[in-house]
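Colleague: The residues making up each chain are set out below.
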Amino acid sequence: MEYTNKMLLKGNEAVIYGALLAGCDSYFGYPITPASEIAHSAALLFPRLGRVFLQAESEIGAINMVLGAAATGRRTMTASSGLGISLKQEGVSYIAGSNLPAVIVDITRGGPGLGNIGPEQSDYNQVVKGGGHGNYRCIVLSPGSVQEMCDLTVLAFDLADKYLIPVYVMADGVIGQMMESLTLPEPAAVKHELPDWSLDPAKDRNNLVTSIFLKYDRLEEVNIALQEKYKLISEQEQRVEEYLMDDAGIVFVAYGICARLAHSAVEILRDKGVKAGLIRPITLFPFPVDALNKAKKKAELFLSVELSNGQMIDDIKLTLECSVPVKLINRMGGNIPTIDELVDRSLGAIKELKEDGK
Amino acid sequence: MIETVTHSRPEGFFDTFERRPGPIKKNMHYCPGCGHGILQKLIAEAISDLKIKDKTIFISPVGCSVFSYYYFDCFGISVPHGRAPAVATGMARSNPDSIVISYQGDGDLGAIGFNNFIQAANRGENMCVFFVNNAIYGMTGGQMAPTTLPGQKTVTSPYGRSIANEGYPLKVSEMVAALDSPVYVERAALSTTKNIMNARKAVRKALRNTIDRKGFSMVEFLSGCPINLKLGANEMNEFINTQMMSYFPLGRLKDIADDRDPIRRPVGIYKSKKVKELLYPVSVEKCVAPDFKNKSEIFEKQRKIKLGGFGGQGVLSLGKMIATMGKLRNFNVSWLPSYGPEMRGGTANCSVIIHRKKIGSPIIDKNCNLLIVLNQPSMKKFLPELKENGVLIYDSTTIEKPDCTPDKKVYAVDASNIAKKIGSLKYANSVILGALAAVMGSNFLTPADQIDFDRTFEEAIMDCFSDKETIIKLNIEAFYAGQKAVMDSRKKNPKQASRLSKADLTMSLK
Chain A
12 MEYTNKMLLK GNEAVIYGAL LAGCDSYFGY PITPASEIAH SAALLFPRLG RVFLQAESEI
72 GAINMVLGAA ATGRRTMTAS SGLGISLKQE GVSYIAGSNL PAVIVDITRG GPGLGNIGPE
132 QSDYNQVVKG GGHGNYRCIV LSPGSVQEMC DLTVLAFDLA DKYLIPVYVM ADGVIGQMME
192 SLTLPEPAAV KHELPDWSLD PAKDRNNLVT SIFLKYDRLE EVNIALQEKY KLISEQEQRV
252 EEYLMDDAGI VFVAYGICAR LAHSAVEILR DKGVKAGLIR PITLFPFPVD ALNKAKKKAE
312 LFLSVELSNG QMIDDIKLTL ECSVPVKLIN RMGGNIPTID ELVDRSLGAI KELKEDGK
Chain B
3 MIETVTHSRP EGFFDTFERR PGPIKKNMHY CPGCGHGILQ KLIAEAISDL KIKDKTIFIS
63 PVGCSVFSYY YFDCFGISVP HGRAPAVATG MARSNPDSIV ISYQGDGDLG AIGFNNFIQA
123 ANRGENMCVF FVNNAIYGMT GGQMAPTTLP GQKTVTSPYG RSIANEGYPL KVSEMVAALD
183 SPVYVERAAL STTKNIMNAR KAVRKALRNT IDRKGFSMVE FLSGCPINLK LGANEMNEFI
243 NTQMMSYFPL GRLKDIADDR DPIRRPVGIY KSKKVKELLY PVSVEKCVAP DFKNKSEIFE
303 KQRKIKLGGF GGQGVLSLGK MIATMGKLRN FNVSWLPSYG PEMRGGTANC SVIIHRKKIG
363 SPIIDKNCNL LIVLNQPSMK KFLPELKENG VLIYDSTTIE KPDCTPDKKV YAVDASNIAK
423 KIGSLKYANS VILGALAAVM GSNFLTPADQ IDFDRTFEEA IMDCFSDKET IIKLNIEAFY
483 AGQKAVMDSR KKNPKQASRL SKADLTMSLK
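Note that the protein sequences, when read in sequence, are chains A and B.
Positions 12 to 369 (my numbering) are the ones given, in order, by the first sequence.
Positions 3 to 512 (my numbering) are the ones given, in order, by the second sequence.
Don't read these hints as lab results, they were simulated from the structure.
Just so you know, even glycine gets a beta-carbon here, dropped at the ideal spot from N, CA and C.
There's no promise every hint is true.
[Said to hold, decoys possible] Here are the computed distance ranges between Cβ atoms for each label pair:
#1 B/248 <-> A/204: 53 to 61 Å
#2 A/346 <-> B/295: 31 to 39 Å
#3 A/329 <-> B/170: 53 to 61 Å
#4 A/239 <-> B/232: 56 to 64 Å
With the hints as extra help, turn the sequences into a complete structure.
Modeller: What follows is the structure in structure tokens.
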């Protein structure tokens, strides 16, 4: 029989193909729209490869199963959305504090509270800034296509193992729900080897996984080591995709579905003679400060396009340190701006900037 | 015969407790008279005697036993309050050879973590739960526990636990024994020597069940907390033996381990070749080379297709078939559904975009090139999104003739009736696709492209329904019936749907 690596998949389904090809051993999750297809695919495909799929009793149960599985040295994951991620935060803090690798997928929806199932990007703060208690961060990858839902899931497992850190793949409901054609990557060549610290009969029985350190000085040391790790990650792992940035005076910064819209808006603005460009952060932590700092040399205006009240814009402002004006173009509640709206509001912002300058 | 009892440290413990901060390395941190010390010694003896030190993972919960890992010479982990059974689940599933011990107090297990606990029990996870019930919160300073006795005074029930306010104590063992999955449930006590010897047996039995992969075993231990209960050693034992036991009677509540087969878990497949075989889709036989590039002028620009109808009419799968056709001919495609509650019974729609180049936004909110409508509400909703000179195909069995501007190319297809003749309404979407093929053929495609379009459709059907032969056959039948319907109507009324003039064609390509 002939096999093909070309598929037409939903973003949510592509995540599971990526996970299995990366050698993920177990999936623990609780259903929630618009992330449920991830669990559906996992339920279908993990057992086919003799791997573990378990529908947990709750989000809290799921993240703690991930904590347990991660401690055994296996590649493991969970997925959820908005409010479910809120519930997982305590467990994520433990995983970060215990220096364990794990992958968490967040297909964001509308909030606060029950909100709705429409696409919002309002989980930015709770995912990119740590979310739970304590001085920790997670690497956050942000796919902009179905292909990237697969590829960045593979990358998430690699980064989680490299830095012993929880890694999020965070996409909005549109990227999760849409289908696109993709090319499946090759499977990981060998079975993921158990690290020496694993709680597994094959390893030293005195292995201990913990995040409790009673002595203040000791806990401070632990925290300093974590911050050094985050600094290293910030230096090494920034990823962006740039579009027409060579001479861009008007710089869109957008991720997920907003980046797709901004891509189209940039083309229209270029047709109108506006030197627009796009920086699409692929990593939200580490935030791509290098790309922004490079862009600010020519930029007159940065536009943060977000499906939230303006959460990423804080990171843009922190990066630019007021050297270039930054404005927000946003929608909330599950609404997505049309490309026309995006173009009009960009032109409005440019006009405003010129008036401010007078 | 007199058995010689040697009072020494069991080998399940470290020789000295180096993990314990401070100068004391020989003794445990537990208060005098506390049950934890007794029980942990029983467990340490057992894991040594059963020779499982190298595969035991001892989960330290939150509570007085949070520092259990100071003592046990085996794998250790500390976990969030109440979540030990969920963590244990992750471990037991990841490596079924591990012996996972979830050691929990009454607050950890009975209050904050009860759901994680009872669900793990109900799944029959292969693990041991050792549940220490001392009727009070020890570490946080003597607050009420779910197992605090009626009338018992604590710092958060200073007038005594009131049934009206706090309800009755939680009978955990009885609840677990009522479930079908758990294999062994026993309540023991850590008060008298006799009770402790029984507790010792229960510890070993539970661990042996886990070694034999029999599933979920739990032992509840009635235990003393003399400091928080402000009782002396003898009074403490008296409290356990009379007051606690009258509410929590000792005994084996369930023991069906012998009747259960060992749990078998699958072995993960990781070999690259095997993973590909099981995961990669079977390739459909294509009549074009793998690197085929369609050269039709029509795909110079991106083509936006909007489809609307009732949920369940096959609107989304029709969109998927069109997207699959694009995929099979190496175009970039996107398919975006309306998702959520409206899918269940209401109106469903999807947007499909096909393009040679990279697709920007997958959302279509105006200027669609092709609109396919299968119900009346969608006609009203989406007709305004159809661009000038755009093509409209609709199911004329169920939808009234729309009021369109004359630039639109409108095709009424009696899709539901044709599908019913084939056998089921669910083939209506393939009928529509057949109609699309005829429309494309007469207006946009070269004869060679037309043949390939039909062929691509058959490939797409095979791709979408690879394992259902009858469905493939009937969908293909529906496709050609739809195609024929459009061609026949053209013959009957050549003026209405004539081949577009060169000028029209150029217009609609813009």
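Colleague: Take the C-beta atom of residue 329 of chain A and the C-beta atom of residue 170 of chain B, compute their distance, and say whether it sits inside 53 to 61 Å.
Modeller: The hinted range 53 to 61 Å holds for residue 329 of chain A and residue 170 of chain B, with Cβ atoms some 55 Å apart.
Colleague: Taking the CB of residue 346 of chain A and the CB of residue 295 of chain B, does the distance hold inside 31 to 39 Å?
Modeller: holds, 38 Å
Colleague: For the range 53 to 61 Å, tell me whether the beta carbons of residue 248 of chain B and residue 204 of chain A fit it or not.
Modeller: Holds: the Cβ-Cβ distance is about 55 Å, inside 53 to 61 Å.
Colleague: Does the Cβ pair residue 239 of chain A, residue 232 of chain B satisfy 56 to 64 Å?
Modeller: violated, 48 Å
Of the numbered hints listed earlier, the single one contradicted by the structure is hint 4.
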